[in-house]
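Asks: From first to last, the protein sequence lines are chains A, B, C and D. The first sequence begins at 457 in the numbering used here and counts up one residue at a time. The second sequence begins at 457 in the numbering used here and counts up one residue at a time. The third sequence begins at 457 in the numbering used here and counts up one residue at a time. The fourth sequence begins at 457 in the numbering used here and counts up one residue at a time.
Just so you know, these hints were derived from the structure itself, not from any lab. Accuracy of the hints is not assured; some may be wrong.
Derived pair list, reagent style EDC-like, types lysine to aspartate or glutamate, alpha-carbon separation capped at 20 angstroms [stated by the list, open to error]:
1) A:Lys675 / A:Asp624
2) A:Lys506 / D:Asp488
3) A:Lys828 / C:Asp748
4) B:Lys506 / B:Asp527
5) D:Lys727 / C:Asp748
6) A:Lys461 / A:Asp527
Just so it is clear, the structure is predicted and the values come from calculations on it, not from any experiment.
The residues making up each chain are set out below.
4 protein chains.
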Amino acid sequence: MTVIKVGLIGAGWMGRAHAAAFENATRIFGTDPAILKIAAVADVNEAAAKEFAGRFGVERHTGDWRSIVNDPDIDVIDITTPNDVHPEIALAAIAAGKHVYCEKPMANTAAEACRMHEAAQKAGVVTVVGFNYLCSPIQAYARQLIENGELGEIFHFRGTFDNDYMVDESFPFTWRTDAKAAGKAGALGDMASHVLSLAHYLVGEVTEVSGARQVLHAKRRDAKSVERAVENDDLAHFICRFKNGASGYLEASRIGTGRKLYLSYEIQGTKGALFFDQERMNELNLYRVTDDPAERGYKRVLVAPQHPDYAAFFGLQGNPLGYNDLKIIEARRLIESVAAGKRWVADFEFGYIVDRVVEAVLVSADEGRWVKTEEIA
Amino acid sequence: MTVIKVGLIGAGWMGRAHAAAFENATRIFGTDPAILKIAAVADVNEAAAKEFAGRFGVERHTGDWRSIVNDPDIDVIDITTPNDVHPEIALAAIAAGKHVYCEKPMANTAAEACRMHEAAQKAGVVTVVGFNYLCSPIQAYARQLIENGELGEIFHFRGTFDNDYMVDESFPFTWRTDAKAAGKAGALGDMASHVLSLAHYLVGEVTEVSGARQVLHAKRRDAKSVERAVENDDLAHFICRFKNGASGYLEASRIGTGRKLYLSYEIQGTKGALFFDQERMNELNLYRVTDDPAERGYKRVLVAPQHPDYAAFFGLQGNPLGYNDLKIIEARRLIESVAAGKRWVADFEFGYIVDRVVEAVLVSADEGRWVKTEEIA
Amino acid sequence: MTVIKVGLIGAGWMGRAHAAAFENATRIFGTDPAILKIAAVADVNEAAAKEFAGRFGVERHTGDWRSIVNDPDIDVIDITTPNDVHPEIALAAIAAGKHVYCEKPMANTAAEACRMHEAAQKAGVVTVVGFNYLCSPIQAYARQLIENGELGEIFHFRGTFDNDYMVDESFPFTWRTDAKAAGKAGALGDMASHVLSLAHYLVGEVTEVSGARQVLHAKRRDAKSVERAVENDDLAHFICRFKNGASGYLEASRIGTGRKLYLSYEIQGTKGALFFDQERMNELNLYRVTDDPAERGYKRVLVAPQHPDYAAFFGLQGNPLGYNDLKIIEARRLIESVAAGKRWVADFEFGYIVDRVVEAVLVSADEGRWVKTEEIA
Amino acid sequence: MTVIKVGLIGAGWMGRAHAAAFENATRIFGTDPAILKIAAVADVNEAAAKEFAGRFGVERHTGDWRSIVNDPDIDVIDITTPNDVHPEIALAAIAAGKHVYCEKPMANTAAEACRMHEAAQKAGVVTVVGFNYLCSPIQAYARQLIENGELGEIFHFRGTFDNDYMVDESFPFTWRTDAKAAGKAGALGDMASHVLSLAHYLVGEVTEVSGARQVLHAKRRDAKSVERAVENDDLAHFICRFKNGASGYLEASRIGTGRKLYLSYEIQGTKGALFFDQERMNELNLYRVTDDPAERGYKRVLVAPQHPDYAAFFGLQGNPLGYNDLKIIEARRLIESVAAGKRWVADFEFGYIVDRVVEAVLVSADEGRWVKTEEIA
């Protein structure tokens, strides 16, 4: 049994989610070609690292992430820290020849993401970015449909990622509204990247954008009840063109009143169409132009054993998967990338290209003009 | 242009709805093979008859329905009076050799409905019962699918007709809760007949039932605020067997909290299934067992020009029809029955068979046992 | 009984729809304060005018619309001709002191619409544009909610009007794809105006746009099978800002694969949100931020007697209205505007402002920049 | 840290699901008041037990379940074997003073379930039956609503559990269609118990039934292609009365064409109503009679941190849980029952009462009459 040794950096909620996903991946998918094992855990809060190690049976823990990055026994560095330190850790890991599994967004700027991608490419290491929503059997099935030409030529895409936890004025100023910690792109950076990842996965690269950004409540009170100016967008949206000529509209909003996890898309092609909503993550709605005219309509397809990965969970169609199952499948993608040479699409190059669109939207919104992604570093 | 002369009996809300439907039918479907024209109107309230005649340009009005029934100039007697006088008028009309268009339910007892059916059969006149929900293009399409074998052998049916206007205790005692006016079957008589009409139209005859009835609020106050005992059921439901061996469940309720016009059904066959809900009357949900296993699911088909009658209204799929449009199509069925010898399925025989099931449920509920419809007169 | 005498110009499908709506309006709403009666009908095809007159009992018919416009006996000129002759007829009618009821779009250019509006304003005549989708009880209810502050401050709008009858390459070149007849704005002119009308009715004026247009199949064959270049857009979409500061996205597409009458919107405010879809025209989905956190969610409200105009049709909640019912309510709005001084919101000024946005999108798409509507004539 | 030592009997798919749930329960809910640890595993297939022990780090494995039942070190016996041996193992475990966690159905007959319940009651041990669907936060929330009187007096229930994997004639004869292994109640035993468990959890006990059973394909081929007579029902359904006077309809079908995991219910009360469908397990639809008449409708409430247990998984409303998460929560209920004296509702008494209704339906269907559950042993 091949064991991939993981050095986890960040012992918070997401670190725990990774640990669970690694163990569950073994149970669901078995031990072939390899299993993931957290061999060491680091956190700036050393006590948290220690507690984590005890809870999950991790042999080594430390307050110094560098000691893990440089540990010759470690195969993969898993980064679940705050966004702003992703680049430093990832670059150090790559320099040490490690594979890297990094939560999204890779970086707060496209330039940093680009550096990370180029370093990884040069070093020839495996990279995976935590675009977990791509890991759903439903999305893999959607991609198969498209690759098999079932939708014909795709010419239009609409996508959103709306939730509404910040629509309430009394929601506090946090690191998310602080440009230093979360970047100048608020909902745009945090959430648009998810819908962009789906757009890129299913339709291809966005190459040109015209966008706008919006702040609903200009000021919020921080934990000490001090009023602070919100430093990044609550809502960002843009029209765009894809490399293949398709038109698109994308939106990301943390003030999307009434929506909770409305990561949705609609894809229109000459032979068919799809729509999807993460609030109903186990359903893909499929329309075929080629159906008999008397019975054309959207069909609600429930996740099924014929869709990639699902049969490892359940034998019958329609048994709901949950968010945590996506992380288990993501762990599977990491294993396959590292141990089977089957690179997962959501690598650093993919993440960088997403970040470049995000930055193009930022420029477009700030300058009030169409921006080509090739303008961005 | 052939004109079918109608003698309308009952100048209330439903009478007006018929008048409008007759005129709109000409506009929508044209003048071939005939048009309907109200030549005389009667109402026990003579003033109402007069007002109606003025408003709709009817030449003759009267307080005495018999004078219309016996008018040699009249081709069709159209009955929109309260239920309890349907039989007397219909039998007189048949005796006078008239065709009869009668609102549902035909009668308050199966025995009366039987007499009406037998008299009409013997006289050879055309009869139509106002089961307007059958007149929807979506139902005609559903029937085509079934007749073409698209669902395979049908083995199960579930149907409801729920609304909730009587769930409120303060809703008054009216003629509907009065057994003399509305019959002993309350929701059962008024509403189950609609879902039974759909079941019979799509699946075939119900031959055996085991049912129960329920009164939610035993007493209600009448218009004079006098407390009266409710004399018929608020909810009736039953399991059953169809002639073809299928099993079924039907429910009718005027206390169906949360439902407004929930005339719904689900039909399961060996090759496919359907579900439908009148609140979304322009949609039929279709499932095919023969679809690729990877993409099985219910398809939401919007009403389309390929469905019977719709193209007379609109050229493109998905333009909503409303309740009043069903009455227009019913008028068309009446015209075709009278002038083109194309008998509409919902005739007195059909209505009688529905009423027989209603009565079987009544007996079953009261005696707590399975009842075969052949036991009923 | 006051009779408003209408001179109908255009005896085609829409003319017939108006005629039916006028008569049904009397039945549904009664005779107070007035009824509409078509006193004369004109069509360039004189035979069509004659046939129409016979069918609907119209006293006078002609091949020359000017004779009707100048008929002193006529109160309202009703224009259902092709779009390109709307301005000429409307301006002549206004010059003759007539009220004008005009199908949408008012004109193929904003400049013409502006002239029509200004002429009508100067003449003090009543004008109504056929934005029938605004006439739904559900929209009137939505507007009440907003005016009553139930959604708080509205800060975001998304709207679409997608159908898909042109996604098929073999759909022919018709007047709709011909810039001379239908204007340079294809889906943009024909369909975006509907979604803009809803946006303006519910949220307020769009003042700035950044848009794009798209042609899916550059060539189509005409009725003679000659290949012709398609001269206007199949899809147009844009991001925008509203006068009140809200952001928006609007889309119109006749190639919206899978959608049939997807005139939809979502409106997000600080206290609530709405979404709506014309395919389910009798439902309004309402979300309230103020609900208990344990039970927040979108509520599906069916059309009800408490919503404007519905009680004239039905007494109980949830009985579906159809497209033709909207035209009946529009006729009611015309009656109220002419006879009761209760001006309907969708007048020539409203239509002009919609057309100005359409033209701003045209300029924006062609020049690749943000355009303010005040730049447009 | 208190450790509850579990002896697992049955090392198949469900055994693995339990093992995963136990570990994940610790991660999700923490270590207070106790954790579950599998200390020994037994399977008639000793190799399977061995493989299981290796994979999940279980110290002891055996082919003889009795050695585990009698192991003084074990606190809880966890039974995931085929149904027909549940009683023997459970009774032995109770005799040995163990707590018992048993998959559903407890037994193939009500008499056996009764014996199990009475033995457990006498011994004073904790029992939990694997009615995992009750463990959803959405169901706990539904129950809270009902207990708080939000629905008023409940008077009607409809519930189904439909899937369709056996609608295909070529689906083989297996242990499920074999009365010896699966009992005389097919879909009735396997699936009706789930919908009954929801009915009992939310509305109360069913006391009287009138039902029917159905076999779609009388013969199926077994693994050796030998044609065998199907020995139990594919579909069972019944009308019923609840202890509180409510009426009900329940259905269970493994031939429910088009349905995949359609464990659904609708509950109608004098003040509100609910409907639910396990295919969309993270949504509860709530209707309140007390809403303003203008805005009455079903509200789609997504699972939220205010609902029991959900906050341990996610901080924001609407993040989907999956099937496996229900098993984690069930493990939590077991821990609370054993270590915190907080008995979970789904104990052996609960399971027995469910089985008694199942048996009443069997008798009712076979004898064609109403059967009171008190008639059943």
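Asks: Are the hints correct? Go through all of them and say.
Replies: The hints, checked one at a time:
| no. | hint | in the structure |
| --- | --- | --- |
| 1 | A:Lys675 / A:Asp624 | holds (12 angstroms) |
| 2 | A:Lys506 / D:Asp488 | holds (19 angstroms) |
| 3 | A:Lys828 / C:Asp748 | violated (45 angstroms) |
| 4 | B:Lys506 / B:Asp527 | holds (18 angstroms) |
| 5 | D:Lys727 / C:Asp748 | holds (17 angstroms) |
| 6 | A:Lys461 / A:Asp527 | holds (11 angstroms) |
In summary, the structure is inconsistent with hint 3 from the numbered list given earlier, while agreeing with all the others.
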